[in-house]
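Trainee: Chain A is fixed; fit chain B onto it per the hints.
Here are the chains, one letter per residue:
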Amino acid sequence: MDPSPAATRQRGRVVGGADRPRLARHVRLTFDRTRQRHVLLHPETVVVLHGTGAEILQLCDGRRTVAEIVAALAGRYRSVPDDEVRRFLDRLLARRWVELADGPELTDG
Amino acid sequence: MDSPFGLLAELTYRCPLGCAYCSNPLNMADYSDELATDEWRRVLAEARDLGVLQCHLSGGEPLLRRDLVEIVAAAHDLGLYTNLVTSAVGFSRAKAERLRAAGLDHVQVSIQAAEPAASDRIAGTPSFRRKIEAMGRVKELGWPLTVNVVLHRLNIDRVADVLALAEDVGADRLELANTQYYGWAWHNRAALLPSRAQLDAAERVVRAARERLRDRMDVLYVIPDYYSRYPKPCMGGWASRQLTVTPNGDVLPCPAAQSLPLPRASVREHPLAWIWTDAPVMTAFRGTDWMPQPCRGCERREVDFGGCRCQAFQLTGDAARTDPVCHLSPDHDMVARAVEAANGERAGDRPPVARPHLAR
Numbered sequence: 001m002d003p004s005p006a007a008t009r010q011r012g013r014v015v016g017g018a019d020r021p022r023l024a025r026h027v028r029l030t031f032d033r034t035r036q037r038h039v040l041l042h043p044e045t046v047v048v049l050h051g052t053g054a055e056i057l058q059l060c061d062g063r064r065t066v067a068e069i070v071a072a073l074a075g076r077y078r079s080v081p082d083d084e085v086r087r088f089l090d091r092l093l094a095r096r097w098v099e100l101a102d103g104p105e106l107t108d109g
Numbered sequence: 110m111d112s113p114f115g116l117l118a119e120l121t122y123r124c125p126l127g128c129a130y131c132s133n134p135l136n137m138a139d140y141s142d143e144l145a146t147d148e149w150r151r152v153l154a155e156a157r158d159l160g161v162l163q164c165h166l167s168g169g170e171p172l173l174r175r176d177l178v179e180i181v182a183a184a185h186d187l188g189l190y191t192n193l194v195t196s197a198v199g200f201s202r203a204k205a206e207r208l209r210a211a212g213l214d215h216v217q218v219s220i221q222a223a224e225p226a227a228s229d230r231i232a233g234t235p236s237f238r239r240k241i242e243a244m245g246r247v248k249e250l251g252w253p254l255t256v257n258v259v260l261h262r263l264n265i266d267r268v269a270d271v272l273a274l275a276e277d278v279g280a281d282r283l284e285l286a287n288t289q290y291y292g293w294a295w296h297n298r299a300a301l302l303p304s305r306a307q308l309d310a311a312e313r314v315v316r317a318a319r320e321r322l323r324d325r326m327d328v329l330y331v332i333p334d335y336y337s338r339y340p341k342p343c344m345g346g347w348a349s350r351q352l353t354v355t356p357n358g359d360v361l362p363c364p365a366a367q368s369l370p371l372p373r374a375s376v377r378e379h380p381l382a383w384i385w386t387d388a389p390v391m392t393a394f395r396g397t398d399w400m401p402q403p404c405r406g407c408e409r410r411e412v413d414f415g416g417c418r419c420q421a422f423q424l425t426g427d428a429a430r431t432d433p434v435c436h437l438s439p440d441h442d443m444v445a446r447a448v449e450a451a452n453g454e455r456a457g458d459r460p461p462v463a464r465p466h467l468a469r
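First to last, the protein sequences are chains A and B.
For the first sequence, the residue numbers in this note's numbering are 1 to 109.
For the second sequence, the residue numbers in this note's numbering are 110 to 469.
Here chain A stands alone, though its shape is the one from the complex (with noise of 0.2 Å):
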């Protein structure tokens, strides 16, 4: 039933290049007009995002790699140092707001 069977294989994981995030199905990314930041919705709690944090989560749809997502910020940044992102992702899948998906590309969407 649950869609994501990565899910159950993620026990004090980090973020490997191969892997291919996505936004946890209960969390949400949206543009707050009010705060004219983007902001992460979750059942009881709002992240108001700063700097790339979200860029990068627009970048997580769970077919891009962590290395691909390196290098399309990489394309609008002089410099976006890969562990950075690596940390900003271990940190929310450690929350479990962002979910990995490796091995073969989803088609699931």
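There may be inaccurate statements among the hints.
To be verified - To give an idea of the interface, some chain B residues facing chain A are shown, with a C-beta separation under 10 Å as derived from the structure:
1) 112
2) 114
3) 162
4) 165
5) 217
6) 252
7) 255
8) 281
9) 324
10) 327
11) 330
12) 332
Hints listed in this document are in silico derivations from the structure and should not be mistaken for laboratory results.
All C-beta atoms, glycine included, are put in the ideal place defined by N, C-alpha and C.
Mentor: For chain B alone, kept in the frame of chain A given last:
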């Protein structure tokens, strides 16, 4: 002053359950003139303009509102994250599908214990089986599921069973919330307040489960503030992040604040933005200027905001006093005595009284 993040929309105080720990107002008749669908639409739009991002649809039992699907659709169309807080009585397959189509984001289902007879006894009505079915329905339709259980003297010893049940139904989040003593719960305090030994045992079980389940389920444990050294940071500060709209359109910083002697502010008479910014019910305890000693000089004044105004009022008759839960409060003995009684020989002698049924 910041914009609020969350709106607690209390659609009705009518409820099919009669829980002994109910914290809703006792003066039900004052809330029977419920806001109409269009009034809720306007409130939701005003809340969105004010910066609200999350809408918790609660009560009472929100499913008793015949227009719940329309209200959810309105909130969803405004871009709000919508959360249904329900007893699950009335959460039929057909209703669930309509709510899904309307864009409902998340469902929180309450259950009163992990065992049918105990759950039904505490709820005051046979409801356990329907709740389990509803939880399955939430998962089937692809929603994230939060299970909420209010803990107290009569069910806290079986918290391991509650955790197992939440795991069985595939809950994404489990909220274990110790009873807060407002409304009807206040009258049952002596019967509901657990002993220290009960709490210690429960906390060990919860800690172990949290570790075991950490990649599958968030386990939230709301401590019983009577046993804590400092008060809870109630609502993250008075009228700071959240607002509540009651069934008849009164606006409050939190649902319990209806008990305080403050002038009413209604969405039927004023724009929500004005109420949030200027209404006395919102400004009375906002920030730190209102604080008496020992809060005023305390380094934790912006950590716990002096605790809960409603609890201060309930216990001392003065909403501007330090929350008596705090060990630094001059009124702390009022809490200490209740805790002492909960650990004494006669503790739990009298069973709690179920709240009279409210669904009509």
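Trainee: Using 10 Å as the Cβ threshold, decide whether residue 324(B) counts as touching chain A.
Mentor: Constraint on residue 324(B) satisfied, holds at 4 Å.
Trainee: So, residue 112(B) near chain A? Judge it on the closest CB pair being under 10 Å.
Mentor: At 6 Å from the nearest chain A Cβ, residue 112(B) passes the 10 Å test, so the hint holds.
Trainee: Go through the hint on residue 252(B) and say holds or violated, using the shortest Cβ distance to chain A against 10 Å.
Mentor: Result: holds, 8 Å to nearest chain A Cβ.
Trainee: Holds or violated: is there a CB of chain A closer than 10 Å to the CB of residue 162(B)?
Mentor: Hint holds; residue 162(B) Cβ to chain A Cβ min 5 Å, cut 10 Å.
Trainee: Given residue 255(B) as an interface hint, is the shortest Cβ-Cβ distance to chain A below 10 Å?
Mentor: Where the cut-off is 10 Å and the nearest Cβ of chain A is about 6 Å from residue 255(B), the hint holds.
Trainee: May I ask you to test the interface hint for residue 114(B) with respect to chain A, counting a Cβ-Cβ separation under 10 Å as satisfied?
Mentor: Residue 114(B) check passes; min Cβ-Cβ to chain A is 5 Å, inside 10 Å.
Trainee: Hold the hint about residue 330(B) up to the distance rule: shortest CB distance to chain A must be less than 10 Å.
Mentor: violated, 14 Å
Trainee: Have a go at the residue 332(B) hint: is there a Cβ in chain A nearer than 10 Å to its own Cβ?
Mentor: At about 16 Å, which exceeds the 10 Å cut-off, the nearest Cβ of chain A leaves the hint on residue 332(B) violated.
Trainee: At a threshold of 10 Å, is the proposed contact between residue 165(B) and chain A supported by beta-carbon distances?
Mentor: With a minimum Cβ separation of about 9 Å from chain A (threshold 10 Å), the hint on residue 165(B) holds.
Trainee: Tell me if the interface restraint on residue 217(B) is satisfied: Cβ within less than 10 Å of some Cβ in chain A.
Mentor: holds, 7 Å
Trainee: Have a go at the residue 281(B) hint: is there a Cβ in chain A nearer than 10 Å to its own Cβ?
Mentor: holds, 6 Å
Trainee: Hint check: is the beta carbon of residue 327(B) less than 10 Å from a beta carbon of chain A?
Mentor: Check passed: Cβ of residue 327(B) comes within 7 Å of chain A, closer than 10 Å.
The structure is inconsistent with the numbered hints 11 and 12, although it conforms to all the rest.
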